[in-house]
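The residues making up each chain are set out below.
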Amino acid sequence: MEIINIKNLNKSFGKNEVLKGFNLSLVTPGIISILGPNGSGKTTLIKSILGMVIPNSGDIYVNDINIKNNWNYRSLIGYMPQIANFPENLTVKELFNMIKDLQGGLGDEKPFVDLFKLSAHLNKKLGNLSGGTKQKVNFTLTFINDKPIYILDEPITGLDPIALIQVKKILKQEKEKGKTILITTHIMSLVEELSDMIIFLLDGKIYFKGTIKELKEKYTENNMEQALAKIFLNNTTNN
Amino acid sequence: MTNILKSVLLFLLLSFGFNNHFLSQDTIYVCSACETKTITSALNNVNSGGTIIVKEGVYLEKTLIIKKPVNLIGINYPVIDGKNQKKELIVIASDSVSIDGFQIQNVGHSYIEDLAGVRVQRKKYFSITNNIFYNAMYAIYLEYCGNGIVSNNKIIGNAKNEVSSGNGIHAWYCKNLHIENNHIEKHRDGIYFEFVKNSTIIGNISKNNLRYGLHFMFSNNDNYYDNEFINNGAGVAVMFSKEIEMYRNVFADNWGSSSYGLLLKEINDAKIMHNTFTKNTIGIRVEGANRIDYLQNNFIGNGWGIKISGGCYTNKINKNNFIANSFDLSLQSSSNDNNFDGNYWSSYSGYDLNRDKIGDIPYRPVKMFNYIVNRTPETMVLLRSLFIDIINFSEKVSPVFTPVNVFDSKPYMKKIIF
Amino acid sequence: MLKILKYAFFDLIRSRWSYTYFLFYFIITFSLLYLSADLSKVIISLMNIILVLSPLIASIFGVIYYYNSREFTELLLAQPIKRSNIFIGQYLGLVFSLTVSLLLGLLIPFAIYGIFYNSEIWNFVILIIAGVFLTFIFAGFSYNIALHNENKIKGFGFAILIWLLLAVAYDGIFLLALVTFSDYPLEKFALFATALNPIDLSRILILLKLDISALMGYTGAVFNNFFGAAKGMIISGLSLFFWTIIPLAMIIRKSSKKDF
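Chains as they are written, first to last, in the numbering used here: chain A, 1 to 239; chain B, 240 to 657; chain C, 658 to 917.
Simulated from the structure, these hints should not be mistaken for lab results.
All the pointers check out, no bait thrown in.
Capping the alpha-carbon separation at 25 Å, the derived lysine to aspartate or glutamate pairs in DMTMM-like fashion look like this: (1) C/698 x B/595; (2) A/93 x C/728; (3) C/911 x A/17; (4) C/739 x A/101; (5) A/175 x A/160; (6) C/660 x A/101; (7) B/414 x B/482; (8) C/698 x B/628; (9) A/125 x C/731; (10) B/436 x B/505; (11) C/698 x B/634; (12) C/809 x A/88; (13) C/915 x A/154; (14) B/653 x C/695; (15) A/124 x C/728; (16) A/15 x C/916; (17) C/739 x A/59; (18) A/218 x A/203; (19) A/179 x C/731; (20) A/7 x A/203; (21) B/481 x B/382; (22) B/558 x C/695; (23) A/147 x C/731; (24) A/147 x C/728.
Taking the hints into account, I'd like the entire structure generated from these sequences.
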């Protein structure tokens, strides 16, 4: 079984071709970082997998299910959006209930409420929460149900150091459970610390796919960032 | 007032007259088991001034022509049925005849002659009371007669079109009539007056008639009080008449393209007071009426409260309530010397700073939209649109199309109670 | 869909906008009833307000709500539910909360004054129905506009423009057309043009109760046929219903194709 399989995916917004004949096959679980400069197609890729962006052509399979005209498969994915903006007049508790409701009435927020010490906020309106607390709520929503795949868009922006440590712990735990976690981020330390695999995107194509070790060896650099910069410079100057 | 007194005197005279007859003359009973089986034979045998008492039953007879003073009294509404054979049922051809308590039905309709349930010809001191008329072309037809009472009758016709149908109570060249508490439906005109003088119409209900609830032609010095005119082709038409008093009547639900609660056409010196006009297409339609006083009437929810066309002079429209009419007043000529002061207009939006209950700025009841609708009637679908309100407002600020001198300089702030 | 509706409704009904909207209608209705003893006058004033204001508020709230909840919508889009259910649910949640504000704002003052057994009450009921229809229709318009425009200012501008067009300008052009071509038979055109504008349609629906006596004053056969019987009521009601369905269908169509 392939966890995610993308075949010849094309997506353009107007004249701007974002993904061009994109192919990707993920077989082994683990933490996978999707990297690339702004406009390289990271977000479009993630949103295509989630079904938010509708491809011009090509097929996407999640756990061997073709996602075209399908919405049930999304129960396999936990998604954490970059911006945590929730209905202002619902309470935190109501929001948890709503998401559980939408996911078929299953789920348990309790471990995360304890972990992030959210219980004091449960009956507060979401409009009154600080950015950091909202991000914790966001994180809780993502993991409220046990899923084989998680997709996290810039998951640690706005988190305080203690929360950051806890988040990393959770991610590692989930990985141990054999989950697949796709992360987009600009924070390289997080990538180096957690990633089993990185995918580097440029102009809607994959320029590198492999472990960090493989990356360093291939580009003979000790530093991952340097290696990535090398790919970037080589290919932009060539153009 | 004099008319009421006359009527009352007349009534008393009549009653005493009959009582005298009753005591001194003989009485004939008519029924299927009685000695006298038909009303015709009873009429032949009764003494002048006598009484015929007709018991319950159906009487199919030739036209009953009453040639002597007699009291015809029905018990439990005996039925005089014409079987639609196009003949008249009762003709009163003598003074001092009374008919009370009959059910008179199926006269038949004719295009050639006017057929009546009861006809009074050139006679006086008659009384037609407490009868029920069904399906008569004309229920009661009065010609050249006077000093009669028509009261408490229920008159239900089945008029289909104006040509073949007649009026409920029809009076022609009469005087001193007293018409009270009748209920008239489904005729051409409920009550029709032509050349009728000094008569009174009180407390009648006239509804669902094809043409008018009440119709005056060339009739002077008459009054009608406390009547209800509902859902007729048009409520009341007063045409070519003088000095008519119209008090406390209700004109309601007279709808239609040329319909109105009250039509005044070529009339002078009338008084219209304390009437209520509700949900008529036009409350009062005025075509050439002079020296009319419209005082303390209610105009509620009509298409047009008052619509005046043609030359109208020296009319007084004061202390009326104009409430929620689509148009309060329409005037297709200049104001002349009519007076519109001191009414309550529910669409008045002025203020009363000195608290004297009278608005500080004048009200202009004729709206710009009125002018537009008169020119292009289809624009009616835009009634009460915001755009129309804006146009009306700008016209109010500087009148161009609407008559400048039509305004109420003392508009009341609150509904006038009277 | 019901789940989304439920939470969207709970969210919106607690917002201060809902309270403000409710309070506005409450105060207006209450003071109209207080100032004028005459119910038909109150209903005419309310009609003028509702026909103009409820489409405006529905338009504005529609765009604002869509743009405000855009990020949360993305979260919802990643949930195992059908796309159209999300948008229809949100739309209905919005419309229901506006409707509740409208209904309570109008009904409570009437209830306080105990006006339920008056003949005018049916005019009032029709007025409320028209207000609710307009809320549905214009919220639908603005939701569509927002779905088509990522740019908030553009979307907001369009929504206001549509309102301005239908609430004011349309009748101006309509009137001009009628007056200009008054030599031709215009009855059918007039009815048709009315049906093309939901505000005019609601107005006619109310006029059929409130001003039927004036409408019957017109001599043309087509008008008389239309206004005379229950026909006019049924046709304008149905047309309004269509106006409600169309934006809804457009939301479903657009939302199934759109990229987020």
